[in-house]
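Each chain, letter by letter, is given below.
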Amino acid sequence: MSTALLHVLRQNRLLRFAAALVALQVGLALLVPLLGFQDPYLQIMAQRIRPPGPEHLLGTDQLGRDVLARIVYGYRTSLLTCGAAVALALLMGGSIGMLAAYYRGWTDRLLMRMMDVLFAFPILLLAIGIIAVLGPSSLSAAYAIAIVYTPIFARLLRGPALVICESEYVQGAKAIGASDARILASHVLPNLMSVILVQASILLSAAILVEASLSFLGLGARPPTPSLGLMLSEGRNFLLLSPWPAVFAGLAILFLSFGFNLLGDALRDTLDPRLRRAE
Amino acid sequence: MSRNFLLIRLADLIVVLFGVSVLVFLMIRFIPGDAVAIMLGANTEITPERIAELESRLGLDLPVLQQYALWLTGVFHGDLGTSIWTGRPVTQEIGASLWPTAQLTLLSVIVGAGLSVPLGAFMAQSRGKGSEVAVRIGAIAGLTIPSFWLGIVSILLVAKYLPGVSMLGYVPFSQDPLGNLQRMILPVFALSLPMLANLSRLVRTAMLDALSQDYIRTARAKGAGRRRIVYHHALRNALIPFVTSVGVSIGYLLGGAIVVEQVFAIPGLGRLILGAIAERNYPLIQASILVVTASFVVINFLVDLLYAWIDPRISRQ
Chain A
152 MSTALLHVLR
162 QNRLLRFAAA
172 LVALQVGLAL
182 LVPLLGFQDP
192 YLQIMAQRIR
202 PPGPEHLLGT
212 DQLGRDVLAR
222 IVYGYRTSLL
232 TCGAAVALAL
242 LMGGSIGMLA
252 AYYRGWTDRL
262 LMRMMDVLFA
272 FPILLLAIGI
282 IAVLGPSSLS
292 AAYAIAIVYT
302 PIFARLLRGP
312 ALVICESEYV
322 QGAKAIGASD
332 ARILASHVLP
342 NLMSVILVQA
352 SILLSAAILV
362 EASLSFLGLG
372 ARPPTPSLGL
382 MLSEGRNFLL
392 LSPWPAVFAG
402 LAILFLSFGF
412 NLLGDALRDT
422 LDPRLRRAE
Chain F
15 MSRNFLLIRL
25 ADLIVVLFGV
35 SVLVFLMIRF
45 IPGDAVAIML
55 GANTEITPER
65 IAELESRLGL
75 DLPVLQQYAL
85 WLTGVFHGDL
95 GTSIWTGRPV
105 TQEIGASLWP
115 TAQLTLLSVI
125 VGAGLSVPLG
135 AFMAQSRGKG
145 SEVAVRIGAI
155 AGLTIPSFWL
165 GIVSILLVAK
175 YLPGVSMLGY
185 VPFSQDPLGN
195 LQRMILPVFA
205 LSLPMLANLS
215 RLVRTAMLDA
225 LSQDYIRTAR
235 AKGAGRRRIV
245 YHHALRNALI
255 PFVTSVGVSI
265 GYLLGGAIVV
275 EQVFAIPGLG
285 RLILGAIAER
295 NYPLIQASIL
305 VVTASFVVIN
315 FLVDLLYAWI
325 DPRISRQ
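Quick note, the sequences are listed as chains A and F, same order.
The numbering used here puts the first sequence at residues 152 to 430.
The numbering used here puts the second sequence at residues 15 to 331.
Simulated from the structure, these hints should not be mistaken for laboratory data.
There's no promise every hint is true.
[Claimed, not checked] Derived DEER-like restraints, expressed as beta-carbon distance ranges:
id, chain 1, residue 1, chain 2, residue 2, range
1, A, R255, F, W99, 43 to 53 Å
2, A, R164, F, F44, 43 to 53 Å
3, A, R255, F, I22, 41 to 51 Å
4, F, L84, A, N342, 44 to 54 Å
5, F, V78, A, R264, 42 to 52 Å
6, A, I347, F, L84, 38 to 48 Å
7, A, M196, F, Q139, 26 to 36 Å
8, F, W323, A, E317, 24 to 34 Å
9, F, F44, A, L181, 50 to 60 Å
10, A, N342, F, R150, 26 to 36 Å
11, A, R264, F, W113, 29 to 39 Å
12, A, T154, F, I124, 42 to 52 Å
13, F, A292, A, L242, 44 to 54 Å
14, F, A25, A, R255, 11 to 21 Å
[To be verified] Covered, in the sense of this in silico footprint (three residues per stretch, anywhere, with C-beta under 8 Å from a C-beta of chain A), are these stretches of chain F:
id, stretch
15, 148-156
16, 167-173
17, 271-284
18, 295-307
[To be verified] Here are some chain A residues pointing at chain F (derived, C-beta under 7 Å):
id, residue
19, A271
20, L276
21, L405
22, L413
Built from N, CA and C at the ideal position, the CB exists for glycine as well.
Build the full structure now, drawing on both the sequences and the hints.
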């Protein structure tokens with residue numbers, strides 16, 4: 152698959168652009184401790200609310216902290232929270248979708264009805280309700296996002312999984328007596344990979360916005376954690392004095408979410424044109 | 015619309031509403047640790063008497079099934095519980111906050127969905143590689159702009175270039191119609207942009223699909239004008255996937271409204287819920303989530319019916 156991916160990357164300029172945008176931001180988030188950015192927690196009171204300049208490329212915030220450093224570390228917070236949340240959602244929702252498609256009948260009906268109920272809540276409202284129960288923190292936000300996206304993954308993967316379960320190779324594997332677990336792991340799952348890759352990227356893009364919203368509302372990351380949503384809500388309080396922290400934090404959220412959405416969108420076209428119909 | 019279709023959908027609706035009510039009811043029971051002590055903890059001293067008093071007030075000392083039955087009976091009688099701190103029925107507090115949110119959401123649907131049709135139809139007229147890429151990037155950018163950031167930036171710009179224009183807060187429409195609408199401009203803009211971006215791309219794709227169908231060729235062969243083909247023949251068929259998407263988008267708007275209300279200091283349900291979370295007023299949180307979700311579910315049910323009415327093939331499946 153990796154050679155196919157490389158080939159596709161070479162072919163498609165839009166995909167290349169999206170992949171580069173995502174790689175840049177993810178790379179920054181992963182490598183930030185090694186890159187010599189300033190300490191995102193360091194408060195220099197004498198340098199509060201500075202506009203962008205040579206010393207602080209994106210200026211400083213109300214406590215004299217370097218905005219660029221806080222944004223890059225904010226990427227880290229956001230990607231850690233959302234990455235873990237989407238992975239968990241994929242694990243739960245993917246399993247449910249695959250089991251429903253494989254066993255059909257009552258298993259299918261029961262599992263998908265449960266998913267319908269979760270899906271009935273407006274996304275952000277359900278996330279807020281879950282955090283109201285668990286108490287505000289980055290971890291609660293991650294759980295909330297994972298639960299909110301579980302029914303979406305289940306619904307998205309059930310359809311393509313149904314098609315695969317009907318296929319001759321799955322029927323053949325059943326006929327020679329392969330176990331259910333083996334069929335699901337080595338026949339159904341690998342054939343779902345392209346759908347999973349596309350949807351994970353698009354849902355990660357949406358999760359980044361949800362996480363930022365939750366932190367903005369004071370329900371996610373706690374101060375003084377560097378968090379993009381938190382930077383926006385703090386920056387709002389001294390907007391007229393210095394708009395920079397809020398403006399840059401918002402742009403950072405936009406670029407991060409935009410990158411993943413474009414990546415998923417471009418992958419959908421190039422990786423497997425049949426996906427459009429499978430959904 | 016066939017009667018079977020209606021009955022099946024109605025059964026779905028009831029099952030989902032039942033599931034939603036169970037989850038919302040169980041919310042308090044999911045709180046880790048002693049929920050009642052946590053509820054009391056925010057504002058008062060915790061004593062065993064106070065805990066026992068609140069427990070019996072909330073009915074938490076009864077068996078779960080009985081609690082649920084009592085709670086659901088109350089819900090059907092319009093009793094969604096009492097606010098822990100004010101002692102008033104939560105329906106009163108929700109009622110007072112309902113209109114700003116409903117107005118904000120409704121206006122955003124009208125603007126987002128209303129503008130997306132002509133915009134999508136317009137975009138469908140330009141094809142080719144360059145415009146494909148431009149449409150795609152524009153739509154994704156619109157979809158991923160954080161609405162609260164858009165709100166903050168627009169407040170900043172108005173404060174800078176139009177000083178003295180009040181754009182924050184809320185005035186009831188009945189008191190000051192013009193002031194009400196003026197204060198709705200920025201929030202509606204911020205809230206509806208992602209929906210507009212998403213829907214206009216969808217309309218464009220659906221239009222291009224429709225324009226390549228045989229009946230368009232027939233219409234063209236009969237000598238129908240370009241305008242008539244686009245707006246009368248193609249658009250009508252493009253509307254079918256559009257209607258479903260509008261229904262789903264309303265869920266995003268109801269969630270997004272919570273954040274946008276916070277940015278623009280609008281005293282709606284979002285503020286109510288966040289305030290209730292801060293003071294751990296669980297009956298109020300429960301009731302607000304139930305009201306918003308139930309309305310969303312019913313709206314989507316109506317959208318499903320509308321969908322089947324536009325496209326009779328659906329209900330025959």
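Now for the hints, and whether the structure bears them out:
no.: 1; hint: A:R255 / F:W99: 43 to 53 Å; result: holds (50 Å)
no.: 2; hint: A:R164 / F:F44: 43 to 53 Å; result: holds (48 Å)
no.: 3; hint: A:R255 / F:I22: 41 to 51 Å; result: violated (19 Å)
no.: 4; hint: F:L84 / A:N342: 44 to 54 Å; result: holds (50 Å)
no.: 5; hint: F:V78 / A:R264: 42 to 52 Å; result: violated (21 Å)
no.: 6; hint: A:I347 / F:L84: 38 to 48 Å; result: holds (44 Å)
no.: 7; hint: A:M196 / F:Q139: 26 to 36 Å; result: violated (58 Å)
no.: 8; hint: F:W323 / A:E317: 24 to 34 Å; result: holds (32 Å)
no.: 9; hint: F:F44 / A:L181: 50 to 60 Å; result: violated (34 Å)
no.: 10; hint: A:N342 / F:R150: 26 to 36 Å; result: holds (27 Å)
no.: 11; hint: A:R264 / F:W113: 29 to 39 Å; result: holds (34 Å)
no.: 12; hint: A:T154 / F:I124: 42 to 52 Å; result: holds (50 Å)
no.: 13; hint: F:A292 / A:L242: 44 to 54 Å; result: violated (33 Å)
no.: 14; hint: F:A25 / A:R255: 11 to 21 Å; result: holds (20 Å)
no.: 15; hint: 148-156; result: holds (count 4)
no.: 16; hint: 167-173; result: holds (count 4)
no.: 17; hint: 271-284; result: holds (count 4)
no.: 18; hint: 295-307; result: holds (count 5)
no.: 19; hint: A271; result: holds (5 Å)
no.: 20; hint: L276; result: holds (5 Å)
no.: 21; hint: L405; result: holds (6 Å)
no.: 22; hint: L413; result: holds (5 Å)
In the structure shown, a violation is registered for the earlier hints numbered 3, 5, 7, 9, 13, in ascending order.
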